[in-house]
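Model the full structure from these sequences, guided by the hints.
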Amino acid sequence: MNKVADNRGWLLVLPVFLLVALSALIPLMTVVNYSVQDIFGPGSAYFVGTDWFTEVLHSERLQDSLIRQFLFSGAVLAIEIPLGIGIALMMPTGGKRASLVLILLAIPLLIPWNVVGTIWQIFARGDIGLFGSALTGLGIDYNYTRNTGDAWFTVLLMDVWHWTPLVALLCYSGLRAIPEAFYQAAEIDRASKWAIFRYIQLPKLQSVLVIAVLLRFMDSFMIYTEPFVLTGGGPGSSTTFLSQTLTTMAIGQFDIGRAAAFSLVYFLIVLAVSWVFFTAITHMDKQK
Amino acid sequence: MKQNTKGKAFGITAYIVILMLPIYWLLNMSFKTTEETLGKMTFFPENFTFANYATIFSDPSWFMGYINSMTYVGMNMVITLVVALPAAYAFSRYKFVGDKHLFFWLLSNRMAPPAVFLLPFFQLYSSIGLFDTHVAVALAHCLFNVPLAVWILEGFISGVPKEYDEMAYIDGYSFPKFFLKIFIPMIRSGIGVAAFFAFMFSWVELLLARTLTSVDAQPIGAIMTRTVSASGIDWGVLAAAGCLTILPGVLVVWFVRNHVATGFALGRV
Numbered sequence: 001m002n003k004v005a006d007n008r009g010w011l012l013v014l015p016v017f018l019l020v021a022l023s024a025l026i027p028l029m030t031v032v033n034y035s036v037q038d039i040f041g042p043g044s045a046y047f048v049g050t051d052w053f054t055e056v057l058h059s060e061r062l063q064d065s066l067i068r069q070f071l072f073s074g075a076v077l078a079i080e081i082p083l084g085i086g087i088a089l090m091m092p093t094g095g096k097r098a099s100l101v102l103i104l105l106a107i108p109l110l111i112p113w114n115v116v117g118t119i120w121q122i123f124a125r126g127d128i129g130l131f132g133s134a135l136t137g138l139g140i141d142y143n144y145t146r147n148t149g150d151a152w153f154t155v156l157l158m159d160v161w162h163w164t165p166l167v168a169l170l171c172y173s174g175l176r177a178i179p180e181a182f183y184q185a186a187e188i189d190r191a192s193k194w195a196i197f198r199y200i201q202l203p204k205l206q207s208v209l210v211i212a213v214l215l216r217f218m219d220s221f222m223i224y225t226e227p228f229v230l231t232g233g234g235p236g237s238s239t240t241f242l243s244q245t246l247t248t249m250a251i252g253q254f255d256i257g258r259a260a261a262f263s264l265v266y267f268l269i270v271l272a273v274s275w276v277f278f279t280a281i282t283h284m285d286k287q288k
Numbered sequence: 001m002k003q004n005t006k007g008k009a010f011g012i013t014a015y016i017v018i019l020m021l022p023i024y025w026l027l028n029m030s031f032k033t034t035e036e037t038l039g040k041m042t043f044f045p046e047n048f049t050f051a052n053y054a055t056i057f058s059d060p061s062w063f064m065g066y067i068n069s070m071t072y073v074g075m076n077m078v079i080t081l082v083v084a085l086p087a088a089y090a091f092s093r094y095k096f097v098g099d100k101h102l103f104f105w106l107l108s109n110r111m112a113p114p115a116v117f118l119l120p121f122f123q124l125y126s127s128i129g130l131f132d133t134h135v136a137v138a139l140a141h142c143l144f145n146v147p148l149a150v151w152i153l154e155g156f157i158s159g160v161p162k163e164y165d166e167m168a169y170i171d172g173y174s175f176p177k178f179f180l181k182i183f184i185p186m187i188r189s190g191i192g193v194a195a196f197f198a199f200m201f202s203w204v205e206l207l208l209a210r211t212l213t214s215v216d217a218q219p220i221g222a223i224m225t226r227t228v229s230a231s232g233i234d235w236g237v238l239a240a241a242g243c244l245t246i247l248p249g250v251l252v253v254w255f256v257r258n259h260v261a262t263g264f265a266l267g268r269v
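Protein chains in written order, with this note's numbering: chain G, 1 to 288; chain P, 1 to 269.
Keep in mind that the hints were calculated from the coordinates and are not lab data.
Keep in mind the model is a prediction, meaning the values are calculated, not measured.
Hints are not guaranteed to be accurate.
Claimed, not checked - DSS-like cross-link-like pairs, simulated, lysine-lysine; straight-line CA separation at most 30 Å:
no., chain 1, residue 1, chain 2, residue 2
1, G, K204, P, K95
2, G, K3, P, K162
3, P, K181, G, K3
4, P, K177, P, K95
5, G, K96, G, K193
6, G, K3, P, K177
7, P, K6, G, K193
8, G, K204, P, K100
9, P, K6, G, K204
10, G, K3, P, K95
11, G, K193, G, K204
12, G, K204, P, K162
13, P, K8, G, K96
14, G, K3, P, K100
15, P, K8, G, K193
16, G, K96, P, K6
17, P, K8, G, K204
18, P, K162, P, K181
Said to hold, decoys possible - The following residues of chain G were derived to be distant from chain P, with all beta-carbon distances above 12 Å:
no., residue
19, L57
20, H58
21, L71
22, D141
23, F153
24, S237
By construction, the Cβ of each residue, glycine as well, lies at the ideal position given by its N, Cα and C atoms.
Here it is in structure tokens:
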């Protein structure tokens, strides 16, 4: 669309700018301020330069949770994206049944995150949970509070359950945007199902898939509540991800300087990766 | 081809059943007594009871949690839409100094992990006397909802041809009158979708909501933790409280069901 050059546009953007400035710039500057000081109490803070950053980047605890975080986000994307595409391809194309499927799919997305944790905490328990007792009944030694592998498996399964519907809904809307004529042409050409998927459906899904990957990356990278309720980060610290490490440090131990430096490093990583995706999206918007 | 459709129908049905199973288990448990829950596995409640729900509805310290959550979610939706609508219009229609940078800066806030802002938020809202109020939580959630709403609405607004705007000006409409009387009704599905997303994030978020409140504005999620006591967990009440938090989401998604699919693509298909 041709846009008119008009700096009065700023007047319309001003309310958003002020609101977000109040709730983003001030807190962010506070974090930057803390990150370069050692604070013992009100009125006794010392400038320490980049010491906290050096320490944070070398801390084993943080490196470990960073590695866990990347493993988790990678696994989440590797499972949920293909699964979501598959589900979208199976969904009914119209009518009452399609609306019903859409509503049911959206339900997990609207459950408060702590309740998602609670649901799986109950569902996966060996004594009172359907899933946990079914596995135990099959003779599998399964206990997500004691065994690291089981804990990872349960946290991943919970996230796949919780968020695959989002990917499916995105892909579904992408598929609906393909004109029927494309399929008719493919039928005349006797295209195989794989060819239809590869050359008609997948290219049309490109833009929604980038949004899906962006959203799933961002949100899985800041996951906190669900694993906190389900495993409490355990056993040991095997399912403690970045946000939980940070929250424990900031609120639990009140280790403000270190937590602030950590926050900034954390934010910059998310920002860097998201910027790449965002550039891809705007690039595609332009191509249309 | 027919075989194929049958296979698809079977596949999607199986997926939906698996998807609903954990929720069913919670619902099932909410109608049982804690003794039955701990006693044996039953697929239907043997002694069907509403006692767990009665506990919640008869105790203000329980049900006020729902009212608190809904209050700040509602406030957040209103604030988000009021500030995001004009901004989305400006981003869609005008070029102005720094527009692209501003847009990315706004979005970058959606990418910020809430944990990063936890401590400064707590101090900021405490220092201006907003700690433990609904407004504090609503404003904090705006940080994530406003950028997303601007992005969604910008997508929908760009789908409306600019000729409509020009026609209205020729007909003598002033900008505010045109915006309220003509433009907003035209993009109402986009507004519905933006409101839905504001609801969705604000309703499910707990980390910020819990940190910024203590008693008067405590969200239901924080109250649920009290089912854990020295004598063990009251599973029945926990399950009932959980089921009640799912209900508003189901109602909201029912209202936007026809726009859910395009909405999730953020108006960009």
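Non-conforming hints, listed in increasing numerical order: Of the numbered hints, all hold.
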